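The listed protein sequences correspond, in order, to chains A and B. Going by my numbering, the first sequence opens with residue 1, and the numbers climb by one from there. Going by my numbering, the second sequence opens with residue 1, and the numbers climb by one from there.
These are computed hints drawn from the structure, not numbers from a lab. Quick caveat, the model's predicted, so the values are computed rather than measured. C-beta: ideal position from N, C-alpha, C; glycine also. Treat each hint with caution, since some may be false.
[As the list claims (entries may be wrong)] Cut-off 27 angstroms, straight-line C-alpha distance, at most; resulting in silico cross-link-like pairs (DSSO-like, lysine-lysine):
1) K179/A to K49/B
2) K49/B to K65/B
3) K314/A to K353/A
4) K333/A to K77/B
5) K94/B to K65/B
6) K333/A to K353/A
[Stated by the list, open to error] Derived coverage of chain B by chain A (criterion: at least 3 residues anywhere in the stretch with Cβ under 8 angstroms from a Cβ of chain A; other residues may be distant):
7) 33-45
8) 82-92
9) 100-114
So the chains spell out like this:
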Amino acid sequence: MIWLIQDFDLLSVLLRALALSLEAVTVGGVLVLLFVAPRQIAEAAARDAVCRFVARFSVALAIVQLLSAAESALVLVGGEGPGTPGLPLGDVASASFFRADCILAFAALALYFLLRWGRRHFWAVYLTGAAIVASSTALSHAASRIDDRLILLLLTAAHHLGGAAWIGGLASLLVAIRKSEDAHRIHAMAQRFSAMAIVSVSMLVLAGIGMAMFYVGSWSGMYGTSYGLMVLAKSYLLLLALSLGASNFWLVRETRSSAAALLPRLRRFSETEIGLGFTALLAAASLTSQPPAIDLSPQDMLAGHQIVQRMSWKWPQLKTPRLADLPRAAPLKEHLEDTSFSGGSPNDAMSQKWSEYNHQWSGLIVLAAGLLALVSRFKGQGWARNWPLLFVGLAVFILLRGDPDAWPLGPRPFWASFAETEVLEHRFFAALITCFALFEWAVETGRLKSERAALVFPLLCAIGGALLITHTHGTGDLRDELYAEFSHTPIALLGATAGWGRWLELRWPRSDGEPENRSTIVRAASWAWPVCLMLVGVILLDYRES
Amino acid sequence: MKKKFPGMLLVVMCLAAVSQLAFAHAVLVSSTPKANGSLHGPSIDVDLKFNSRVDGTRSNLSLVKPGGAIESLTLLKQDAPNELAAHAQLAPGKYTLRWTALATDGHITRGEVPFTVE
């Protein structure tokens with residue numbers, strides 16, 4: 001099992017994050033059927049469409065939750081190697097978390113059947129929605145706290161409900177609007193959703209502040225720990241999403257008189273709002289992996305002056321140590337056994353310089369790409385549209401130099417080294433970047449004219465940003481990990497901003513090929529993404545590990 | 001389908017854009033023996049205190065002995081919901097205590113505590 005432990009740890013987190021997202025859409029859809037699109041307001045076709053939409057996500061939630069239960073069971077039954085024998089399956093199945101997993105999966109499956117074939121019993125639909133939220137809360141951090149459990153469980157449930165009603169509900173609202181023809185009914189649903197959104201955002205924010213008081217506890221905990229940094233990242237994404245929500249609020253007030261003209265704009269703002277909301281949900285999932293700031297001792301936190309000293313600008317040296325100067329790589333199995341329990345080992349001075357060189361050259365490439373992307377927006381600078389090809393170079397650079405202990409530079413074989421999550425992450429990033437580079441180059445140079453192809457760039461930017469939010473360097477030291485996060489987290493947020501800004505620019509309604517009536521937000525978004533790329537480059541150029 | 005595609009793609013790709021995480025849910029707050037500490041044998045009491053509730057029957061403690069052999073320790077009944085305890089008879093030498101904590105919300109975390117028996 002030791003060969004799979006780290007990848008299984010990663011898998012369990014992937015499944016949890018996926019489950020949170022699916023839960024938001026499922027529960028949000030149930031709330032839309034209850035408050036926004038009841039029978040007396042929505043057309044039958046609209047309600048049918050929402051029921052089918054939510055049913056698909058509820059069955060996906062059931063599957064993911066069962067996979068999560070199976071994955072945990074496999075780890076506990078399989079054991080972790082010599083000295084850590086596995087448990088009998090009966091022992092695992094009687095654990096409280098396993099029961100909560102199964103209840104959640106069963107409730108999601110029941111919701112699927114009710115929405116497809118049992119809509120006469122709508123009270124049961126609402127009950128299963130409540131069961132989903134309750135069992136998801138039982139799987140949250142609050143359930144394992146020693147003190148203040150009840151209030152934390154209530155705050156967590158309120159936070160889940162608020163997020164589901166707003167972001168998950170928005171997705172169902174778009175489905176309902178698309179299937180509606182009566183402008184008055186569309187206006188009524190949009191108004192009701194606005195009211196629900198105000199309540200749910202308030203609930204989300206107040207519950208979030210409450211949880212921050214319990215889990216963070218101080219300003220130094222907010223900026224000096226990984227947990228606090230993630231809370232700040234979520235807050236930034238929340239503010240961006242709220243700005244779009246505010247635009248939608250004003251648009252809704254105008255839909256009574258001109259629904260047909262305004263609906264496309266409403267949809268585009270909503271899509272971007274949903275995207276930012278789900279990125280925030282994924283940042284929320286990353287919070288479950290961090291120990292709450294309030295549980296850390298002062299030596300595990302960073303003080304303000306330490307952060308300033310590390311982050312202040314220093315010109316990059318761009319000098320690499322020789323491969324022979326790096327410490328000799330331990331055999332992979334021994335390395336996996338050690339790091340699975342120790343969390344990793346601190347880098348020595350040569351390894352730090354190697355990593356700094358990698359990050360700084362990556363920064364140079366990204367800065368150049370961002371600059372060319374900005375230049376390409378001016379007339380007569382068509383040559384600059386080849387900027388995405390710089391990212392192919394970046395992908396090759398990551399693949400070759402990212403992991404000096406593994407293929408091609410080190411002794412660890414290519415396939416076996418996937419057992420180490422840092423190697424897996426680097427190779428996945430390299431593949432993601434290559435895919436993005438080729439698609440975007442084809443779109444920028446006119447080789448691919450499809451609207452769908454153009455959307456690959458913003459989606460991969462957003463995915464890359466979400467993935468980077470908690471990329472770890474496996475040093476096993478909380479402060480070293482936190483220093484790395486001070487560069488990775490802003491890069492992730494800039495990536496998400498660039499991705500969703502570009503999405504909004506591409507999806508904005510056009511007439512005769514020109515964007516119609518762009519609001520200030522859309523104009524800002526269209527210039528923001530190349531600037532975000534440049535800022536990512538600058539942050540990487542300043543990257544240091546000592 | 002063409003009109004639905006970007007919307008569905010948006011939702012699916014959002015859902016696929018999941019975070020990669022270093023799972024560090026239950027944190028060791030204090031331990032006996034202390035990390036890199038030394039104590040007199042042969043009778044050693046092991047006591048680990050965490051920041052959250054841990055499952056006292058499904059968690060695991062094991063000992064890496066001086067020769068490299070690994071032995072699983074029997075968990076004692078919990079005195080508190082956030083503690084794991086065991087007892088061992090150890091000869092002088094360097095040991096590493098490895099712990100796997102199953103928090104009551106289902107998250108598994110691991111760590112190690114090296115120590116010396118004099």
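Hint check:
Using a Cα cut-off of 27 angstroms, the hinted pair K179/A and K49/B is violated, with the two alpha carbons roughly 56 angstroms apart. Between K49/B and K65/B the CA atoms are separated by roughly 22 angstroms; this keeps the pair inside 27 angstroms, and the hint holds. Restraint check: the Cα-Cα separation between K314/A and K353/A comes to about 14 angstroms, which is no more than 27 angstroms; the hinted pair holds. Between K333/A and K77/B the alpha-carbon distance is near 34 angstroms, which puts this suggested pair outside the 27 angstroms criterion.
Taking the CA atoms of K94/B and K65/B, the gap is near 7 angstroms; set against the 27 angstroms cutoff, the hint holds. For the proposed pair K333/A and K353/A, the alpha carbon gap of about 26 angstroms is at most 27 angstroms, so the pair holds. Counting residues of the region 33-45 of chain B whose CB lies closer than 8 angstroms to any CB of chain A gives 0, so the stated coverage by that chain is violated, three being the minimum. For the region 82-92 of chain B, the stated coverage by chain A is not satisfied: 1 residues place a CB nearer than 8 angstroms to a CB of that chain, which falls below the threshold of 3.
With 11 residues having a Cβ less than 8 angstroms from any Cβ of chain A, the region 100-114 of chain B passes the three-residue criterion, so the hint holds.
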